[in-house]
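K.L.:
As you go down the protein sequences, you meet chains A and B in turn. Quick note: the first sequence uses the numbering used here, first residue 193, plus one each step. Quick note: the second sequence uses the numbering used here, first residue 5, plus one each step.
Derived by calculation from the structure, the hints in this document are not laboratory data. Do not rely on the hints blindly, as some may be mistaken.
Label-pair distances were calculated between CB atoms; the ranges are [what the hints assert, rightly or not]:
#1 A:Lys206 to B:Glu60: 46 to 54 Å
#2 B:Thr30 to A:Glu251: 17 to 25 Å
#3 B:Asn100 to A:His199: 23 to 31 Å
#4 A:Asp257 to B:Glu60: 44 to 52 Å
#5 A:Gln221 to B:Asn16: 41 to 49 Å
#6 B:Val49 to A:Trp202: 12 to 20 Å
#7 B:Lys113 to A:Ala264: 44 to 52 Å
#8 B:Asn100 to A:Glu255: 19 to 27 Å
#9 B:Glu19 to A:Lys206: 40 to 48 Å
#10 B:Lys59 to A:Ala264: 38 to 46 Å
#11 A:Glu255 to B:Glu19: 41 to 49 Å
#12 B:Pro114 to A:Thr272: 42 to 50 Å
#13 B:Glu19 to A:Ser275: 47 to 55 Å
Even glycine gets a Cβ: it sits at the ideal position worked out from N, Cα and C.
Letter by letter, the chains look like this.
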Amino acid sequence: GAVVSQHPSWVICKSGTSVKIECRSLDFQATTMFWYRQFPKQSLMLMATSNEGSKATYEQGVEKDKFLINHASLTLSTLTVTSAHPEDSSFYICSASGTGGAGYTFGSGTRLTVV
Amino acid sequence: SQKIEQNSEALNIQEGKTATLTCNYTNYSPAYLQWYRQDPGRGPVFLLLIRENEKEKRKERLKVTFDTTLKQSLFHITASQPADSATYLCALYNFNKFYFGSGTKLNVKP
Chain A
193 GAVVSQHPSW VICKSGTSVK IECRSLDFQA TTMFWYRQFP KQSLMLMATS
243 NEGSKATYEQ GVEKDKFLIN HASLTLSTLT VTSAHPEDSS FYICSASGTG
293 GAGYTFGSGT RLTVV
Chain B
5 SQKIEQNSEA LNIQEGKTAT LTCNYTNYSP AYLQWYRQDP GRGPVFLLLI
55 RENEKEKRKE RLKVTFDTTL KQSLFHITAS QPADSATYLC ALYNFNKFYF
105 GSGTKLNVKP
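Produce the complete structure using the sequences and hints provided.
P.N.:
Structural data, given as structure tokens:
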């Protein structure tokens, strides 16, 4: 079945630094990638939707300059949290939709802790 | 406002019994609804999809119903096992996006 690989699985960074999270579709072409954030015991909140080769569409209230999304190829999308602050600490999850009936497949998530 | 409600309290059941989880929504007209399983510290794993014109869908021990009049979906796990213990999320697909409930934690006791 379709597999989405997300790295790193966890990361700890200092306040003010930037962190990049990668999401790769391993056996299908991901025409669309979704990035979510999930706080403990809460639902997944969609942050942005990106289509390969075009700019991401951000949800209301999500700062595009803080959460940089790049979807340069059909198998790779990245989310960069710039100038991270402790309130950015969360669980970030990507999801990919592609061709060939791959449906929507989620990555395993990245636990970000900003200290 | 749009809402997706899942019981926030954990559901505790005995092994072998049927677990029934509920997803209620308001102010959506979803084209379809999905159920996912999420284990701690992991991303959601897709289980079942049911479309707006379908009443029921089955897959092995899993069964999903979808009542667009009541705006409700029920998720059943029959002959539950301790390995079924996890958080189960419902997600509505509307206007090219997924909207998730906060999930219900299921504990199956041996």
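K.L.:
Hints first: check each against the structure and report whether it holds.
P.N.:
Evaluation of the provided hints:
1. The beta-carbon spacing between A:Lys206 and B:Glu60, approximately 52 Å, falls within the hinted interval of 46 to 54 Å.
2. For B:Thr30 paired with A:Glu251, a C-beta distance near 20 Å keeps the hint of 17 to 25 Å intact.
3. Separated by about 27 Å at the C-beta atoms, B:Asn100 and A:His199 satisfy the suggested range of 23 to 31 Å.
4. Our hint of 44 to 52 Å for A:Asp257 and B:Glu60 holds, since their Cβ atoms are close to 46 Å apart.
5. Look at A:Gln221 against B:Asn16: about 43 Å separates their beta carbons, and that is inside 41 to 49 Å.
6. The supplied range of 12 to 20 Å is met by B:Val49 and A:Trp202, whose beta-carbon atoms lie about 19 Å from each other.
7. Evaluation of the 44 to 52 Å hint for B:Lys113 and A:Ala264 yields a pass: the beta carbon distance comes to about 48 Å.
8. Distance hint for B:Asn100 and A:Glu255: a CB-CB separation of about 22 Å, consistent with the stated range 19 to 27 Å.
9. In this structure, B:Glu19 and A:Lys206 meet the distance hint of 40 to 48 Å, their C-beta atoms being roughly 46 Å apart.
10. Remark: the range hint 38 to 46 Å for B:Lys59 to A:Ala264 is upheld by a beta-carbon distance near 43 Å.
11. A hinted range of 41 to 49 Å holds for the C-beta pair A:Glu255 and B:Glu19, which are about 47 Å apart.
12. Take B:Pro114 and A:Thr272: their Cβ atoms lie about 45 Å apart, and the range 42 to 50 Å holds.
13. Separated by about 49 Å at the C-beta atoms, B:Glu19 and A:Ser275 satisfy the suggested range of 47 to 55 Å.
Checked against the numbered hints above, the structure violates none of them.
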